[in-house]
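Number of protein chains: 2
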Amino acid sequence: METTIRYPKDDPWRISEATFDPRFLGKYETIFALGNGYLGARAATEERYVGEKRDTFIAGTFDRFDRDEVTELPNIPDVFAVTVILDGQQLDLNQGEVSEYDRTLNVKTGELTRSFLWTYAGKQYRFQSSRFVSFKQRHVLAERISITPVAANANIRLTAGIDGQMTNNGTQHFNDDVKRLYPGQVLQLSAKTDQSEIYFVLTSEHRFSTEGVTMGKTKTEMLRRQLMSTYTADIEAGHPFVFTNITNVYTSRDIDVIYKDRSSLQAQGLETAEALKPFSYETLQKESAQAWADKIWDAMPITIDADESRDALAINFARYHLAVMTPAHDPRMNIGAKGLSGEGYKGHTFWDTEIFMLPYYIFTYPEVAKKLETYRFLSLGGARRKASDNGYHGAQYPWESAWIDDGESTPVWGATDIVTGKATKIWSGFIEQHITADVAYGINEYIQATGDQEFAETMGHEVILDTARFWASRLDWNEDKRQYEILDVIGPDEYKEHANNNAFTNHMAKWNMQLGLDLIKKLRDTAPAEYTRLDDRLNLDQLEQEVSEKIDKLYLPEPNANDVIPQDDDYLSKKLIDLAPYTVNGKVGSLFDHFNLDQVDQMQVTKQADVILLLFLFEKHFSKDVKLKNWEYYEPKTTHDSSLSLLTHTIFAADLGDKKMAYDFYQRARDIDMGPNMSSSDEGIHAASIGGIWSMTVFGFGGVRYLDGNLRIVPNLPDAWHELSFQIWWHQQKLAITETHDALKIKNLTGTADIQLDSVGGSYTVSGHDELVIKLA
Amino acid sequence: METTIRYPKDDPWRISEATFDPRFLGKYETIFALGNGYLGARAATEERYVGEKRDTFIAGTFDRFDRDEVTELPNIPDVFAVTVILDGQQLDLNQGEVSEYDRTLNVKTGELTRSFLWTYAGKQYRFQSSRFVSFKQRHVLAERISITPVAANANIRLTAGIDGQMTNNGTQHFNDDVKRLYPGQVLQLSAKTDQSEIYFVLTSEHRFSTEGVTMGKTKTEMLRRQLMSTYTADIEAGHPFVFTNITNVYTSRDIDVIYKDRSSLQAQGLETAEALKPFSYETLQKESAQAWADKIWDAMPITIDADESRDALAINFARYHLAVMTPAHDPRMNIGAKGLSGEGYKGHTFWDTEIFMLPYYIFTYPEVAKKLETYRFLSLGGARRKASDNGYHGAQYPWESAWIDDGESTPVWGATDIVTGKATKIWSGFIEQHITADVAYGINEYIQATGDQEFAETMGHEVILDTARFWASRLDWNEDKRQYEILDVIGPDEYKEHANNNAFTNHMAKWNMQLGLDLIKKLRDTAPAEYTRLDDRLNLDQLEQEVSEKIDKLYLPEPNANDVIPQDDDYLSKKLIDLAPYTVNGKVGSLFDHFNLDQVDQMQVTKQADVILLLFLFEKHFSKDVKLKNWEYYEPKTTHDSSLSLLTHTIFAADLGDKKMAYDFYQRARDIDMGPNMSSSDEGIHAASIGGIWSMTVFGFGGVRYLDGNLRIVPNLPDAWHELSFQIWWHQQKLAITETHDALKIKNLTGTADIQLDSVGGSYTVSGHDELVIKLA
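Chains as they are written, first to last, in full-length UniProt numbering: chain A, 1 to 777; chain B, 1 to 777.
Just so you know, these hints were derived from the structure itself, not from any lab.
A few of these clues could be false.
Given that identical chains are not distinguished, each listed pair holds provided it fits within a single copy or across any two copies.
What the hints assert, rightly or not - Here are the simulated EDC-like cross-link-like pairs (lysine to aspartate or glutamate), alpha carbons at most 20 angstroms apart as the crow flies:
#, residue 1, residue 2
1, K425, E221
2, K637, D598
3, K219, D641
4, K53, D92
5, K219, D417
6, K9, D307
7, K9, D625
8, K660, D593
9, K575, E454
10, K745, D719
11, K422, D177
12, K219, D682
13, K481, E46
14, K108, D10
15, K277, D234
16, K371, D552
17, K660, E367
18, K550, D305
19, K53, E221
20, K219, D598
21, K425, D569
22, K422, E221
Please read these numbers as outputs of a predicted model, since none were measured by experiment.
Could you put the whole structure together from the sequences, leaning on the hints where they help?
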């Protein structure tokens, strides 16, 4: 596989682009993306290239282009691009000669640096740039570009500014609003989204070095949606021309901004620019790096001692990107399926949050997990509207979720059907209904793991109850079989678009209904005040009666004579097909070049973990033998065409005790974004897969699990790992855990409560600040 | 001056780009633009580059992005761009080596061709492309690309399709509508403008050569606003891989389409694609070239025998672009200030039509001139609304005009004010009021030159009368001087933004009022039926009374003691400034880098012909001495910062008998687009200047003039010209005129009426088919 990616030896914090290749712009724009959960910026190069995707997003600022499109995160004006003309020639790495090229993301400091030597027409120029999005001051981003003519004086012409001609693949969300140039080269551009009417104000201060540099003419132009300044200078040989751009961004949706009208935002932007003037790029970068250490690396350390430093890099890379993509500051927002690093999935939130990312937050930053699930509570209005629009009761969560009020945000039309020539209808927004149970699952996990009663009482319980109500209203009665069924759904395996009794969906629905029933009973018995309050709002008697009546009559697909759980009513009778001809590098990629979805629907082919995911989430409900038999049946039929698939298979293989297979799957999953495949990340980072790097590490190899409120830790370290050390929060106690092949050590760093857990050899209690050591070998 | 433009020797039909230079994309995109008056396409290269402006427009399909922006011609989906990957390397002329490069526009056939040899990684590929927009079938455009691996077999991967991710500098006008792939690689994409709700349907058929080519996998993708097919093939050494793309476009605004709903347009597109299938690229190109000959070159030939073939090329180049930019098929549209070749001025129509382009059409294609002025009649509604909105009566024409119903379409905000840092307000839409008289002037010229009574009676007279009414209501009474004045206007010299009694405006206004008065009298005396009909509509008695009362009291700036006509009340008392420091290559370019508009307003500096234009349009009203004195006064103060300036100065200098100066000005004006300046045409062609090439030729050097209904021909050939031969229509007779330094020959090719004209030595009559020869030397 042709690749330009490099992993500096023995360095678990850096990832590099070793040579510039214009074919691979998208890869690095995504994996080198910067951000702080509020603001995310793809790492487009300073100079522009055909095919670049120069995206910057601010979480939660959704806008809809027209009524036929769904809402999406708009690509805001860019401040990173520059045009550099050196001695009359525009800097373009496709021309001249490039040597000593390096671009490196340091995930520890959140800084992206780039350097190279450019030779053109016999003259050499040393280029160095660095940039970051502040992790300390969320509205601030900065860029510094240094250009040194090596041996002869040079003339430079540099154009930089605020460029609102950006689009989302041709979709323009902003009006052409006010631009203004202030003394001291402070540029300010305002823009307003068209439909959602959110104001954005970007303010940039441009600074220049003076030693060996003679500045010439400056010209500022106000073009359409653009405010650009062009600077000229003569540079003495050996002296760097240094351009620094300190930018701040505010929007009328910001939770930390009080006055949200345009002129207040403009004043705020100017004020911030003024306040930043005394601080150098280095100072601001250091302060940001310190925030990374304080909030992430030192606060909740995870270390992996392994044969290859790439595994340790993977967990750091994953945690970096989780911090970059997660709007931890604002419960009205959630994580997009591509984070803030690309236009894929339009910034929308899926079940990925609850099933694949929430575990990291529950165990590492429970206060962030709380915000992510508060978002679901705040979205109840849209969920209730969706249920009602579809003729159901309670709360039916949208498959794709954007702003809390938006409700269902899944687009209706997708890729070409190669047989009919028409666009394919996307059914997920209509019938991929397991999301509603997934939300309840996530909320329950959060409550169980944290014991956060305040959240449960004010938000979580209401979601659990009204999702249970949805399922009760959703069931289809089968008069012949005298049972309830769930017909015409899409399960996690999206190749099967109109499945009946999808095992995952039915099991999750029943579990959700049972959770509601149990909660009603528990509240009536133990929390009469809350019971009364919720009964007033939600009519719990009626709910209990309806759910009770139906729950036992709901059909659940159970293991058949061969111990295989049928994925749905028809799957096991469909055509068997050999996937080998469609497999390249161990990945099925070309199936849809040969078949359309209707044809794939008729085959025993699965996109991603479906029954396997069910067995993972409800591991206690199924025997090891059933797990093994289903693994043997479904894994060879799975294309892993979704980035959500491999991580579950990794953990499942680890649970089954197959360390080699688990590590093989881990490596494939780890490499979805970070690996050498240069084309897989163009649309943005795979958020769930990034969350999965933590899950594979802590759940899969670390063997941590929380089941029905109980903590279990049974290490499964692969042979290539020598020690895994991490910290987790459990019931408001912070635990430090170290695992080797020989021993498991657990210490309660908080030490204010006893911790019960299951592990090899039985149940244990960790008391106070004691360290518990369990021998494994 | 660094340039890559070439004029093939002794060839008055071709203009070439000699080497590829990515700095000059915009120049060639504009001057090589293709079109047929319905559809115009900038000549972006087949492969994409940073900085390209890939525009395609359809005349009259205006859309407004939001209520704060003015309406503009939307950039429709592109069909010319391809991505070509040869043996794994993307074709990009910034990489590898390029030799034998040539791109040539043949203005005679309307075909653009390009060829080069590309060497990459030791392999050579011969690239040839050609394209045209059909001049025969206005909905059709075609492109052919041929790639031949010179010495070794090669693999190609070519992506082409319909790309609706185009924007107007970031402004998206279209929704993401239906895409569809039909058998035989017929691609169809529909799109609808957001505000004006105009449907566009583009249908492309892709064809491939088969000899020496083994086609591989084809993949069609429906992306956002995109329908793209990727083709792969193995090519034998020495064999061309030929890709042909035959596209047709329809819109719901098309005058020749009856059923304008989306599905009818889609059916029409498919039907046209089907009908075009039997025809090769060559056949369609030949048919288009024949239409160019039939409608332009053979129908109304103009030849120049000069020292340099570049002067003959200039008139052909100008007539080519006039045909490309003029929507001669539809009177609901007019010519944009940048034609259909760029986003500059948003496709809007200015006074340029009447003053600088209409003369060509009146004398060469009077039926087109009629459509251009019919547009003004159809726009009366908006003009009356504008008058009423401003508190005036009658019809006040918009400074910038778009769709006939739109009314005033001038944007309100322009470039940065370098002193305040704010955007500059554009006052033209409010107070550049001479446009209303300019429209009346054009209509009167058309009627005088053609004698088209049907147009006069049904349309022209109404415009003349209601513009006269506007002026009567517009005048400002000066009680001190007991006279009417016109205060607070912008004249042609747009440096003076709030001028009082601008000479051009006052003279034009008075002339317009007098024209109305004369018309009322004439109608009453000679056309009682029309008089009654118009009186019923427009209350002619009241109009006559009001205009009569005011017209004699309107102050007209007359020559002062030095024979200088004051440009306005204050001009002659403003500061004198030496323009030399701001002059580069004979052109004042950098004035606004040093002063803002308020400062320039205080100087005796003029942007473009203002008093000089007045003297040209009303040459009979002023003595030769006055003309000379004003020339000597104003010319040195004129920056010619508008492309509308030099051409008037050329004709004026020719009239004054200064052949050398006239030819110098001519060369500068001729070269505004066609010349070696690589940056002047980025925003699109200078339509008025292009019209001026004909005016300088036929009016300036040919000495043709029509004054108060009389034809005059007094040749002024420059020394470098040996013979000028052209044809004109005059009073429905087609005249063939040949001029040398010795003689003027006139023959009436129609010969159905006698023609009176003035020339050297007195008045002449041309009878029947006789040739009149007048000796000059």
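Here's how the hints hold up against the structure:
1. K425 <-> E221: between (45 angstroms within a copy, 15 angstroms between copies)
2. K637 <-> D598: Only inside one copy: K637 and D598 sit 17 angstroms apart there, 75 angstroms across copies, limit 20 angstroms.
3. K219 <-> D641: Only across copies: K219 and D641 sit 19 angstroms apart there, 51 angstroms inside one copy, limit 20 angstroms.
4. K53 <-> D92: both (17 angstroms within a copy, 18 angstroms between copies)
5. K219 <-> D417: between (51 angstroms within a copy, 11 angstroms between copies)
6. K9 <-> D307: within (12 angstroms within a copy, 72 angstroms between copies)
7. K9 <-> D625: neither (42 angstroms within a copy, 87 angstroms between copies)
8. K660 <-> D593: neither (32 angstroms within a copy, 70 angstroms between copies)
9. K575 <-> E454: For K575 and E454, the Cα distance exceeds 20 angstroms both inside one copy (51 angstroms) and across copies (77 angstroms).
10. K745 <-> D719: within (19 angstroms within a copy, 101 angstroms between copies)
11. K422 <-> D177: between (39 angstroms within a copy, 12 angstroms between copies)
12. K219 <-> D682: Close across copies (19 angstroms), not inside one copy (35 angstroms); limit 20 angstroms.
13. K481 <-> E46: neither (65 angstroms within a copy, 64 angstroms between copies)
14. K108 <-> D10: Classified as within; 15 angstroms inside a copy, 68 angstroms across copies.
15. K277 <-> D234: Neither. Shortest intra-copy (25 angstroms) and inter-copy (59 angstroms) distances fail the 20 angstroms Cα cut-off.
16. K371 <-> D552: neither (34 angstroms within a copy, 79 angstroms between copies)
17. K660 <-> E367: Neither, since 36 angstroms and 83 angstroms both go past 20 angstroms.
18. K550 <-> D305: Neither: 52 angstroms inside a chain and 97 angstroms across chains, both beyond 20 angstroms.
19. K53 <-> E221: between (24 angstroms within a copy, 19 angstroms between copies)
20. K219 <-> D598: Between. Shortest inter-copy distance 18 angstroms satisfies the 20 angstroms Cα cut-off; intra-copy 59 angstroms does not.
21. K425 <-> D569: Result: close neither inside a copy nor across copies, 23 angstroms intra and 69 angstroms inter.
22. K422 <-> E221: between (45 angstroms within a copy, 10 angstroms between copies)
Comparing the model with each numbered hint stated earlier shows that hints 7, 8, 9, 13, 15, 16, 17, 18, 21 do not hold.
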